[in-house]
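S.K.: Going down the list, the sequences are from chains A and G.
With this note's numbering, the residue at position 218 of the first sequence is 218, and numbering never jumps.
With this note's numbering, the residue at position 44 of the second sequence is 44, and numbering never jumps.
Simulated from the structure, these hints should not be mistaken for lab results.
Quick caveat: nothing in here was measured; it's all calculated off a predicted structure.
Any given hint could turn out to be false.
[What the hints assert, rightly or not] Sample of chain G residues facing chain A (criterion: CB under 10 Å; computed from the structure): (1) Val66; (2) Gly112; (3) Glu116; (4) Ser119; (5) Glu124; (6) Ile126; (7) Asp127; (8) Ala128; (9) Met129; (10) Asp246; (11) Arg251.
Idealized CB from N, CA, C, for every residue including glycine.
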Amino acid sequence: MNEVGINAAPNATTSPAPSSPAAEPVVVFDDVSVGFERKPVLENISFQVRPGEMRILLGPAGVGKSVLLKLTNGLIRPDSGRIFVFGKEISAMREEDLFELRGDIGTVFQEGALFDSLTVRDNVGYRLMEEHLPEEEVTARATEALRFVELEQTLNKFPSELSGGMRRRVAIARAIVTNPKLVLYDSPTGGLDPITSTTIIELVMKQRDVSHTSSIVVTHRIQDAFVLAMHHFNPTTKQMELLPPHQIDPNTSFLMLHQGRLVFDGTTKELVHSDDPFIEEYIS
Amino acid sequence: MALDTIDAAAKRGVLAVQEYALLSARALSDIFRRPFYRDDIYMQADIIGVGSLPIVILTGFFLGGVLALQSASTLQQFGAAAFTGQLVSFSMIKEIGPVVTALMVSGRNASGMASELGSMIVTEQIDAMRALGTDPLKKLVMPRIVATVVMLFFLVIISDAVGIAGGGFVSVFMLGQDSSQYFHTCYQSLQYPDILQGLVKPIFFGFIIATIGCFYGMKTRGGTQGVGRSTTQAVVWSSILIIATDFMISRTMIGIFGR
């Protein structure tokens with residue numbers, strides 16, 4: 001891990017990096033705290049996600065990473081603090097208004113959370129069907145999203161007929177079918193074998209480098225985090241490629257949670273050079 | 001220590017009633033707000049109504065039959081066996097038809113709703129639905145309430161008719177009574193308040209079955225064990241509430257109409 005490059009790679013992606021410090025943040029957490037049954041889970045969390053940026057959220061199991069993601073799309077309300085998404089304060093919005101806002105947020109749940117009574121086509125095209133788009137358009141766009149995850153042949157299958165990795169890929173297709181501006185990945189590789197994990201990480205990278213979508217990736221697998229930071233997706237070869245030596249992806253940065261608090265918010269370089277004992281132990 | 005436990009249990013109880021009232025009120029208000037999930041209502045009506053038809057017909061028929069058997073043997077002692085039809089129709093239409101049909105539908109569908117929604121909760125499908133911009137109360141709860149209320153109304157009518165027919169079968173073929181006398185006494189003594197009482201009850205019972213089933217489903221916690229617990233609680237509480245509500249409606253109707 002100590003061999004991680006220290007310079008951001010400006011030409012790492014095929015088109016200019018869309019994020020810039022001046023752009024309005026897509027997500028802002030401002031001193032957010034939340035707890036359940038009088039027990040604090042997250043305390044005084046503040047961070048931002050800029051357009052096109054990927055924030056990788058690290059931390060041990062049970063530290064509140066999934067809670068943070070659910071706070072981001074309004075599935076859970078904070079006890080204190082403010083959360084802004086696309087400039088709107090979602091912590092003060094009514095549930096009915098949140099349903100509309102969530103149209104621009106794609107979420108990949110920990111176990112996929114596919115609707116088991118619907119086919120893959122209906123799962124991926126669910127949001128489009130809710131918008132009453134013509135059946136042909138739903139099929140075409142669901143097929144297109146499934147092609148992105150290389151699963152277009154599973155259109156008429158049920159989730160129970162798919163493997164764990166395939167279900168996770170269908171969940172990614174469902175999250176991106178409407179071209180959301182923000183994608184939230186909740187442990188997309190959790191419980192998968194190394195080869196399938198690499199496939200999923202490649203898809204996450206593809207979404208970052210081809211569509212330039214802002215994202216928060218929750219993971220406790222440090223190897224996945226560094227693969228995302230040190231590789232880019234080449235649309236020509238349709239494969240992820242290692243960045244040149246001493247280069248890292250400029251749009252990928254890290255957050256780390258420990259005991260309900262944000263103990264790190266910075267770049268890959270800052271992470272690997274951190275002298276915090278917990279961080280050193282975590283990434284070693 | 002004991003006081004703390006009682007205090008916590010009381011708070012849990014009050015919270016559950018509050019959550020139930022909120023869920024019911026929101027789901028009811030969703031009937032008047034777009035989008036209106038018509039297809040989901042039809043699908044639920046098919047599952048709840050058409051799916052429950054065999055058990056409702058079977059239980060209705062045998063209940064009518066057993067009512068005829070029991071009442072005929074008692075009435076015979078007073079030389080009033082000719083009034084068997086009247087007793088069967090009164091009992092079926094005012095009490096047994098609505099209550100037993102509701103209990104049968106509750107056993108079949110409140111449990112089904114609780115387990116289906118509970119499974120969706122523990123596998124994060126409800127969260128996924130919310131994340132995809134759909135209100136689960138509107139998409140899942142409202143159609144079940146509408147479908148149960150409408151279908152139970154018709155199921156009770158069918159149960160009443162089949163029960164009277166069952167009573168007629170027993171009276172004519174087993175007790176040797178005259179068929180025209182049986183059916184004549186069946187409807188002759190019925191008045192509109194009796195019919196009204198029999199038709200008002202399923203509306204309340206249907207609402208109880210669907211809201212209790214959905215409530216316990218939506219508040220499921222604790223994996224597959226939690227789903228099982230929710231299913232049991234849904235059937236137990238909907239059954240208790242059906243019988244308690246039956247008493248209250250009967251008392252109110254008797255108070256208003258005097259019968």
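S.K.: Holds or violated: isoleucine 126/G as interface residue toward chain A, Cβ cutoff 10 Å?
M.R.: holds, 9 Å
S.K.: Double-check valine 66/G for me: the hint is only fine if its C-beta lies closer than 10 Å to a C-beta in chain A.
M.R.: violated, 39 Å
S.K.: Can you verify the interface hint for methionine 129/G: is its Cβ closer than 10 Å to any Cβ in chain A?
M.R.: Since the shortest Cβ distance to chain A is 8 Å, the answer is holds.
S.K.: Taking 10 Å as the limit, does the beta-carbon of arginine 251/G come near enough to a beta-carbon in chain A?
M.R.: With a closest approach of 39 Å, the arginine 251/G hint is violated.
S.K.: Let's test the interface hint: is any C-beta of chain A closer than 10 Å to that of aspartate 246/G?
M.R.: violated, 34 Å
S.K.: Grab the minimum C-beta distance from glutamate 124/G to chain A and call the hint holds if it beats 10 Å, violated otherwise.
M.R.: Hint holds; glutamate 124/G Cβ to chain A Cβ min 4 Å, cut 10 Å.
S.K.: Just to be careful: measuring from the Cβ of glycine 112/G to every Cβ in chain A, is the smallest value less than 10 Å?
M.R.: violated, 13 Å
S.K.: Holds or violated: is there a CB of chain A closer than 10 Å to the CB of serine 119/G?
M.R.: Holds. Min distance 8 Å.
S.K.: Taking 10 Å as the limit, does the beta-carbon of alanine 128/G come near enough to a beta-carbon in chain A?
M.R.: holds, 4 Å
S.K.: With 10 Å as the cut and Cβ atoms as the points, is glutamate 116/G at the interface with chain A?
M.R.: holds, 9 Å
S.K.: Hint validation: aspartate 127/G versus chain A, beta carbon distance must be below 10 Å. Holds or violated?
M.R.: At 6 Å from the nearest chain A Cβ, aspartate 127/G passes the 10 Å test, so the hint holds.
Checked against the numbered hints listed earlier, the structure breaks hints 1, 2, 10, 11; every other hint is satisfied.
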